[in-house]
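The residues making up each chain are set out below.
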Amino acid sequence: MNVVTTPTTKSVTEQVAAIRAEFPALHQEVHPGKPLVYLDSAATALKPQAVIDAITEVYTKNCANIHRAVHAMSQRATADYEAARESVRAFIGAPSIEEVIFTRGTSEGINLVRFTYGQQNLQLGDEVLVTELEHHSNIVPWQLLCERTGAKLVVVPINDAGEVTEEAFASKLSVRTKIVAFAHVSNALGTVLPVKRFTQLAHDVGAVVVVDGAQGIVHTHVDVVDLDVDFYAFSAHKLYAPTGVGVLYGKRALLEAMPPYEGGGDMIDEVSFEGTTFNDLPHKFEAGTPNIAGVIGLGAAIEWLRAKDLAALHAHSLEVLRYGEAALTELGATLVGTAKDKVSVLAFNAFGAHPTDLGTILDAEGVAIRTGHHCAQPVMAHYEVAGTARASLGIYSTREDIDALIRGLLIAKKMFVRG
Amino acid sequence: MATTLDDVFETFELLDEWTERYGFLIELGEELPAMDDALKIKEHKVKGCLSQVWMVPRHEGDVMHFIADSDAHIVRGLVALVLLMFNGKTPNEVVALDPRPTLARLGLDKHLSPGRNNGLHSMIARMKKLAAVATS
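Quick note, the sequences are listed as chains A and B, same order.
In this text, residue positions in the first sequence follow this note's numbering: the first is 950, and each later residue adds one.
In this text, residue positions in the second sequence follow this note's numbering: the first is 11, and each later residue adds one.
So that you can see chain A by itself, here it is in the shape it has in the complex (with noise of 0.2 Å):
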């Protein structure tokens, strides 16, 4: 007899429920009675099992290079490395796996950008456009390429809200520009950015678009084809995977015209001192033994998040988002931030106290956030604020959260606000 299953679809909260439980660093007190509230997702986030198990495997069963080697440890590690640039690359949406270059995470696939397409294309009266609210590794490595090559860094402005308006960054557009580098999400604001149409923009005069998916890709669907982009930047850590290690997705062509980034092993095709031709795509652009449990770590990643219901998840984590905002602004916060289309970040200050006294006051009650410019020190002078108060969500992030960080919020108001 068949027995006929029912899908049991289950509600989003109990998803979440149950995606909590795969992650061990949750279930912990950071001081005595103090059970851990994770909301710094934004700086890293924590790692589920099956990634941990991913990463303990690499080194318990299949420890040994890749590309390397015929014996049965190297060819399972090769395997499983190049199995973790095929979730990554379909993830993405990518058309090829060559395409999908490891990096150490998202402030070398800027720089990458940087040494090899930027030193080859830009001149003196070229043009680089950021937005004001970029982190840090998405206009220093800018600044440094202009000062290089005599081109100049222009600045898109944002609005009090925290957007980047269509009608600021076209103004900004010419045919001088020839490279145009933004986030797809900024992690001081938890702003989004129309990256498709921007990339039309850009496109229009001519320009080449750079995006730093660090925050983007955590909390976003991404698909590099819609969107048109020609390199997304992202990093690994923010996406449950291992530290040390990201991506940098760069369209074929654009990647077969530049030159090599860092010489060295498995980026040659071969070698002598009249010359040295290079290996093909991706390879080219992975100089040495990259970071292979970090990679395959990744890939354990992208798999157990492509298991889940990312869509019904990302619009929980709006949901926690909006409840976070409405209770802080009871609380007299003031929220720093406040683009129509944000994800992920509360970032604030309250009571007149420093966000470091806030951030210390929470630590105590067991509530982990960050304090400070965030990387983003353009973004601070914007708002004329010594730096934020910032509590940021993950896949695990739930309503009691925010409800602790008020909790503790109110412990600091208590202390701040007198009489």
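Worth double-checking, as some hints may not be accurate.
Derived pair list, reagent style EDC-like, types lysine to aspartate or glutamate, alpha-carbon separation capped at 20 Å [as the list claims (entries may be wrong)]:
{"no.": "1", "chain 1": "A", "residue 1": "Lys1362", "chain 2": "B", "residue 2": "Glu30"}
{"no.": "2", "chain 1": "A", "residue 1": "Lys1363", "chain 2": "B", "residue 2": "Asp81"}
{"no.": "3", "chain 1": "B", "residue 1": "Lys99", "chain 2": "B", "residue 2": "Asp26"}
{"no.": "4", "chain 1": "A", "residue 1": "Lys1200", "chain 2": "A", "residue 2": "Asp1175"}
{"no.": "5", "chain 1": "B", "residue 1": "Lys120", "chain 2": "A", "residue 2": "Asp1109"}
{"no.": "6", "chain 1": "A", "residue 1": "Lys1362", "chain 2": "B", "residue 2": "Glu27"}
{"no.": "7", "chain 1": "B", "residue 1": "Lys52", "chain 2": "B", "residue 2": "Glu41"}
{"no.": "8", "chain 1": "A", "residue 1": "Lys1121", "chain 2": "A", "residue 2": "Asp1109"}
{"no.": "9", "chain 1": "A", "residue 1": "Lys1362", "chain 2": "B", "residue 2": "Glu37"}
{"no.": "10", "chain 1": "A", "residue 1": "Lys1200", "chain 2": "A", "residue 2": "Asp1177"}
{"no.": "11", "chain 1": "A", "residue 1": "Lys1363", "chain 2": "B", "residue 2": "Asp47"}
{"no.": "12", "chain 1": "B", "residue 1": "Lys139", "chain 2": "B", "residue 2": "Asp46"}
{"no.": "13", "chain 1": "A", "residue 1": "Lys983", "chain 2": "B", "residue 2": "Glu37"}
{"no.": "14", "chain 1": "A", "residue 1": "Lys1363", "chain 2": "B", "residue 2": "Glu27"}
{"no.": "15", "chain 1": "A", "residue 1": "Lys1362", "chain 2": "A", "residue 2": "Glu1274"}
{"no.": "16", "chain 1": "A", "residue 1": "Lys1363", "chain 2": "B", "residue 2": "Asp16"}
{"no.": "17", "chain 1": "B", "residue 1": "Lys52", "chain 2": "A", "residue 2": "Asp1175"}
{"no.": "18", "chain 1": "B", "residue 1": "Lys57", "chain 2": "B", "residue 2": "Asp47"}
{"no.": "19", "chain 1": "B", "residue 1": "Lys55", "chain 2": "B", "residue 2": "Glu20"}
{"no.": "20", "chain 1": "A", "residue 1": "Lys1363", "chain 2": "B", "residue 2": "Glu53"}
{"no.": "21", "chain 1": "B", "residue 1": "Lys139", "chain 2": "B", "residue 2": "Asp72"}
These are computed hints drawn from the structure, not numbers from a lab.
Based on the hints, put chain B in the right spot on chain A.
This is chain B only, laid out in the frame that chain A set:
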């Protein structure tokens, strides 16, 4: 009456909750005379990513005296605590003084970790450097 280090030890023993201890530190910081804004210049700023700390040395005869301030309340309290330990000591004593055991006894030694922190570590390093210059 001015707070002494012994007062701090006693109060910390009475307070069970960390938030209460931080509350006491904030009060300790409030007792610290405010630094003139004119002194809050780059030369007097010590390195710290999360909050700002300024420190100015004042020699008073044979002993050293420091005035310091921070823009964060709890750090200001920590600064006040460190000044309780170091002010009125001779340069030789300042060089020799290790603040770690005292802060460890109060459970505050984590605030001393080097790196991008609250400036406390850098402030103590600079005080010791100035004292070393004064001894030579």
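Each hint, compared with the structure:
Between the alpha carbons of A:Lys1362 and B:Glu30 the distance comes to roughly 13 Å, so the proposed pair stays at or under 20 Å and holds. Taken as a hint, the A:Lys1363 and B:Asp81 pair is honoured in the structure, with Cα atoms around 19 Å apart against an allowance of 20 Å. For the proposed pair B:Lys99 and B:Asp26, the alpha carbon gap of about 32 Å is over 20 Å, so the pair is violated. Restraint check for A:Lys1200 and A:Asp1175: satisfied, since their Cα atoms lie roughly 13 Å apart, inside the 20 Å limit.
Pair hint B:Lys120 plus A:Asp1109 does not hold up; C-alpha atoms about 37 Å apart against a cutoff of 20 Å. Restraint check for A:Lys1362 and B:Glu27: the C-alpha separation of about 16 Å stays at or below 20 Å, so the hint holds. Simply put, B:Lys52 and B:Glu41 have alpha-carbon atoms about 24 Å apart, too far for the 20 Å limit, and the pair is violated. As the CA atoms of A:Lys1121 and A:Asp1109 are separated by approximately 18 Å, the hinted pair is consistent with the 20 Å bound.
At most 20 Å may separate the alpha-carbon atoms for a hinted pair to count; A:Lys1362 and B:Glu37 meet this at roughly 15 Å. Note on A:Lys1200 and A:Asp1177: the hinted pairing holds, with a Cα-Cα distance of about 9 Å set against a maximum of 20 Å. With a C-alpha separation of about 28 Å, the suggested pair A:Lys1363 and B:Asp47 falls outside the 20 Å cut-off, and the hint is violated. Between B:Lys139 and B:Asp46 the alpha-carbon distance is near 23 Å, which puts this suggested pair outside the 20 Å criterion.
Between A:Lys983 and B:Glu37 the alpha-carbon distance is near 24 Å, which puts this suggested pair outside the 20 Å criterion. Pair hint A:Lys1363 plus B:Glu27 holds up; C-alpha atoms about 14 Å apart against a cutoff of 20 Å. For the hint pairing A:Lys1362 with A:Glu1274, the CA-to-CA distance comes to about 17 Å; that is within 20 Å, so the pair holds. Straight-line distance between C-alpha atoms of A:Lys1363 and B:Asp16 comes to about 26 Å, which puts the hinted pair past the 20 Å bound.
This hinted pair does not check out: B:Lys52 and A:Asp1175 have alpha carbons roughly 49 Å apart, beyond 20 Å. For a cut-off of 20 Å, the pair hint linking B:Lys57 to B:Asp47 stands: about 18 Å separates their Cα positions. With a C-alpha separation of about 32 Å, the suggested pairing of B:Lys55 with B:Glu20 is violated against the 20 Å cut-off. As the CA atoms of A:Lys1363 and B:Glu53 are separated by approximately 35 Å, the hinted pair breaks the 20 Å bound.
Taking the CA atoms of B:Lys139 and B:Asp72, the gap is about 17 Å. The hint holds against a cut of 20 Å.
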